[in-house]
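Asker: I would like the entire structure built from these sequences, with the hints used as guidance.
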Amino acid sequence: MKKLIFSIAAILVCMQIFAQQTPAPPQDKAIALVGGTIHQGNGKVIENGAIAFDAGKIVYVGTADGLTGEFETIDAKGKEIYPGLIAINTTMGLVEIGAVRATADHYEVGQLNPNVRSIIAFNTDSRVIPTVRSNGVLLAQVVPHGGTMPGTSSIVQLDAWNWEDAAYQMDDAIYLDWPPMYKRTGTWWNPGPIEMHKEYDKRLMEVDALLAEAKGYGKGKSRTTNLKLEALQGLYDKSKKLFVYVSNAKEIMDVIELNKKYEFDMVLVGAHDAWMLTDLLVEHKVPVVIEKTHTLPSRSYEDIDLPYRMPAILRDAGVDFALTLGDGWDSFWDQRNLPFHAGTSVAYGLTKEEALESITLAPARMLGIDDRTGSLEKGKDANIIVSEGDLLDVRSSKLTHAFIQGRSIDLNNKQKDLYRKFMKKYGKEIKE
Amino acid sequence: MKKSLLFIVACLFMLEAVAQETFPVNGVYDEREKVFALTNANIFTSHNQKLENATLLIKEGKVEAVGKSVSVPDNAVEIDLQGKYIYPSFIEIFTDYGMPTPEKAEKNWDRKPQYISKKPGAYGWNEAIRPEVGAHSKFTHNKDQADGFRKLGFGAVVSHVQDGLSRGSAACVALNENLPDNESIIKDVAAACYSFDTGSSKQDYPSSLMGAIALLRQTYYDAQWYASGQKEEYNISLDKWNRLQDVPQIFDPGDLLGIFRADKIGDEFDVQYILKGCGEEYQKLDAVKKTNAPLILPINFPDAYDVEDPFDALNVSLQQMKHWELAPYNPARLAEADIVFALTTDQLKDKSKFGGNLAKAIKNGLSHEDALKALTTTPAELSGVTEHLGSLMKGKLANFIVTSDSLFKEGTVMHDNWVKGERFVLKPFTERDLTGAYELKVDGKNYAVEVGGKAAKPKFEIVVNDSTRVPVSHSEGKGSLGLSFKPDEEAKGMYRLSGWADGKNWQGRGQKDDGSWVDWSLTHKGEVPKKEKKDEKAEEDKDAKEEKKEEKAEEGPGKVLHPFLPFGWSEKPEAETVIFKNATIWTNEDEGILEEADLVIRDGKISQVGSGLSVSGAREIDCTGKHVTSGIIDEHSHIAISKGVNEGTQASSAEVSIADVVNSEDVNIYRQLSGGVVASQLLHGSANPIGGQSALVKLRWGSTPEEMKIKGADGFIKFALGENVKQSNWGDNNVSRFPQTRMGVEQVYMDHFTRAQEYASARNARIPARKDLEMEALLEILNKKRFITCHSYVQSEINMLMKVADHFGFTLNTFTHILEGYKVADKMKEHGAAGSTFSDWWAYKYEVIDAIPHNGTILNEMGIVTAFNSDDAEMARRLNQEAAKAIKYGGASEEDAWKFVTLNPAKMLHLDKRMGSLKAGKDADVVLWSEHPMSQYAKAEMTFVDGICYFDREQDKELRKEVEAERNRLIQKMLAAKKGGAPTQKPHPEHHHHYHCDDLDP
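Just so you know, the sequences run in chain order A and B. Under the numbering used here, the first sequence has 320 at position 320, and the numbering climbs by one with no breaks. Under the numbering used here, the second sequence has 434 at position 434, and the numbering climbs by one with no breaks.
All clues stand as given, with none of them false.
Derived lysine to aspartate or glutamate pairs resembling EDC-like cross-links, with alpha carbons at most 20 Å apart:
| id | chain 1 | residue 1 | chain 2 | residue 2 |
| --- | --- | --- | --- | --- |
| 1 | B | K349 | A | E195 |
| 2 | A | K431 | B | E895 |
| 3 | A | K250 | B | D312 |
| 4 | A | K425 | B | D826 |
| 5 | B | K459 | B | E476 |
| 6 | A | K250 | B | E308 |
| 7 | A | K424 | B | D826 |
| 8 | A | K428 | B | D826 |
| 9 | B | K957 | A | E302 |
| 10 | A | K250 | B | D306 |
| 11 | B | K845 | A | D105 |
| 12 | A | K428 | B | E894 |
| 13 | B | K986 | A | E199 |
| 14 | A | K424 | B | E830 |
| 15 | B | K492 | B | D443 |
| 16 | A | K183 | B | E990 |
| 17 | A | K424 | B | D850 |
| 18 | B | K709 | B | E574 |
| 19 | B | K957 | A | D303 |
Keep in mind the hints are simulated off the structure, nothing from the lab.
Answerer: In structure tokens form, the structure reads like this:
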């Protein structure tokens, strides 16, 4: 009986939801976008440019005049052409509705789960994905949560039939949620003071012990197979990166100290105090993924615009940085605002091309996929978006085309469907 | 066996005690009159009256006479106090001395809710209202605590059980030791006590500060009704509450803003509370003064923070640093402002620090007279015990202290503390001073002995020659002196001597190292010879120099900021006359957007909008290439709220109001000004169908909560629908409160509005009528005097609430969030409701599964007054960017989109006659933008509220420098304090709580 109710409920849910977007077939003919302004993602801009791609790869980037060959041409005059955006550290595809437990597949039990892989639960049929994609995000690093070591992330392209199909870089990194040095006391509705976490040192030692044993495990022969230690092996041969979520200055120093021992390919995420430690980060060549510019300063006396200025501060100091939306409760659906977080940093010191790079080439670099994507350059995957106007400014940011590996992506989504449905009901003009 | 032992102990105690009239005595009566004459003393009969060379005569625990010509009766024990001082002993007015410790209420998130009182008996409905608790009936003396108080100079305390909103009555008790409790109580009901803390109550309601305030208010009304001849119920709590109204009313509001909140309640019911301070009163001196309330002031000055590690120091906020520096000035500044206050040891974790902190307060400007007054006269007056305490006059209790010198002078020693004529010696008058040069004769040998050090800590040495000295350990008894030493190298062990005094000399018996007995004598020869005078002088000079240096280092204190936060101002900003020249002006009026136009503001209002304007004496701002708009209004905000945004413990909490808990000390006010926000509706949360009343405020940075409120604004109230109110995401323990479905939600409204109607007719018919604040608020809605902002998501519930409103004949003012509004936009239009929505939030819970970012534009297209709101402290400062989303999703015109965050919310809040557009006569709430206001790259350069520039991006640069400089100054000062030996505390990060309406504070 119970089962029956559930399946009825499921059917009802399905009926409520509109037909979803169909993944595009592989590129079968060469295409050229001609006449737009090309923002390559690497800082370079080509006015009146053309970009051509065939079999999923970019074959030409340059001025429109210089384009030769047979292409199906798309007129991009007056439009802006960009690399597809990349969302680092998101739960997109793992969570469908935040508050509904049944739709959440991002939070596993236990402290140390490096062997848990996000790709397994990645839902290509998520109704959220098309809403994010239609604002320009074409690739995402999908990350599990929970515990000190939540698991292994994967990079996916956002137009796929199934998770194997979606995998752009399977199992790209291990996530480490650095144990916090401070903890809140009391309850969240009746908070006490924030105090030193008594277990901080102990938990650091646990992480260190795990990494040390995993290293040993990889070198010698063990009597038993240990899936956790197994999963960490990619760190030592650098086939996997280590992404460390960390916040305050002293924690950052501890992370870097630990990594002196292991020399992992390490990226810091969040790192709210990174601006105080830029010399250290530059010295150890540690890149930083900034978690939102649209956030509040962490201390009451900090400059009110510090989060807005963070990208410019890191740029000035020579720290390699990228921008994402973070891993909060809104980290999946809100990725559609990624270009606007980058836009805000332009008002506070970045150039528009630098801001673009922070959500295209920079994340590609940090994810280790910059040889394939992240910028519009010959030989790279044709991950391209076209906007009617400035992508980073809400007023004019409107996609007309998107291509993933040369495949023309459906930019419709259920929200647009609902918009049209009700405008039609009310007899109003649809403005898209 | 144990029992009989206890009995014996009890009997002994009774024997020792002065017999009591009604108690039987086992043995022979030992009644003594206890007549003492303390003569030749400097007597402060009160804080401002000093008698020199006078006599204090006491008898049977009371003052018999005091004066210069008091004759000492024959039966008096005379104590000569030549050169010494007598003061009335201190009175602690705020303590729980001798009271039971209340149980702690564990309100875990996991626990099941408790909606009604579980207290057995004919008491009131809420466990936190406890007027029936009489401190006099709970009191039993506590030896250790009494001892601690006496050491500080206290002779009596006013004590109460510190538990609950209404805490019952306080009793005034003496700090004696050998009297039975019956004789300790000076006054049984000295005061009635209140607080904002529900204490041990396990009942859920009230969970928030605003709930606590509402409950206190309602209890006043209930008690009035109870007293006015109702015959419906017997209620011990209300009865007691009424009986306690004639005694002094003491309120502990918990923090600085609480002072104003408590005072406001008092004003409403004609009660002048005595308010317990928190030590931060200097931060809002004028407002504190305006309450006219006498204060009870703690002197718990914080320790310096340990800021040696610069990264740890990041955790210390500017306000913590500044408070560390300014706290010791608090008493002096209050005294200077003529605010009446008593001092308390309360809030001092280590009460023995009271004396030291008092000295600090005096060093920082508190006069001796004011200090003494605050410890004697004022607490006696405040607690209504002047006939017994506070001064030394015939008939009053013999509660006084004897000091070696003027009380607050450095180095003065407190000798005696007399409580009800019983003498407690803290430090004997004459201390034995053993220092000096002696000759020790023992076993036929002579030794030169020098006793150095201080009288309190003498140091014995045998002087062999100039360079060799043998240490002698010593022990002192009341009448004995013990010495032990090794007389020479050859001795096998120690000589041990013990003896008795003979004037300044000593003699006695002892044992040598071989065990044989000997006689000895120690003969006083004079002072220890002073040596190397030069060095001492040099050292003194050095000391003096260092002292000077220290004084020099102790510059400051820093300025008091308003609010007491970074970026606060120290000089009140004024409304300016400003002309904005050559701006692109978004009028939000029929004129639309004016290019190269001018705008003039004056006296807090917009005086002209046009082109080619000029005004003499105005500050001219060149706005070429820039945009000027009216300020952003956030229809849905939860910033600037103290202690809880939800009173979600009942389905309806219409009686609570955010207006009671506006928090002016929130840095987000400044942050939002920097995003062009000028006004906000501070809303109750969405935990229950009928939430609480709103506060409409302007972001007047640095003003008091009262000053922030928009005068004359209509009243609003928050309603909520859907998952939050039916507790869908509250966990498995919260499945018992009605309603748990959308069906039930409707019935909550039907029921409450029906009851409100019946309340209205009953109120008119019934005598005496009981005023019910919840019903009053609902009636206001029915009478179209209060307006609803309703948190809502799905179409069914939106539709439902409009039908309910139709049924009761009012219009639902605003649906907020309203993410499925687009599905019933036609119905909303017909009903006349406005919609204030998120621009693009969705997918965070099931009921937003069909939310679309085009919602705003559809509502707007349908002719509904539409706004974008924040519900978020961060987003509120970029509502200009959010407005742009109406252009992106659904193609709203730029002017329309801009109205989503300015004129339209003004309309929803019924403020559009004075705000929301740029038109002569409207409030000068104006923002200057660096470019097109909805550009992603726009910055608010200046934000004016009522013509006052509260945010200026250029000035902000200076403020940042000032914040940094001030922090650095204070860090250096703390480092110096630590080096100088001051105790320090470890810094911990600040706590931020940014409320959203989903915050389900239970």
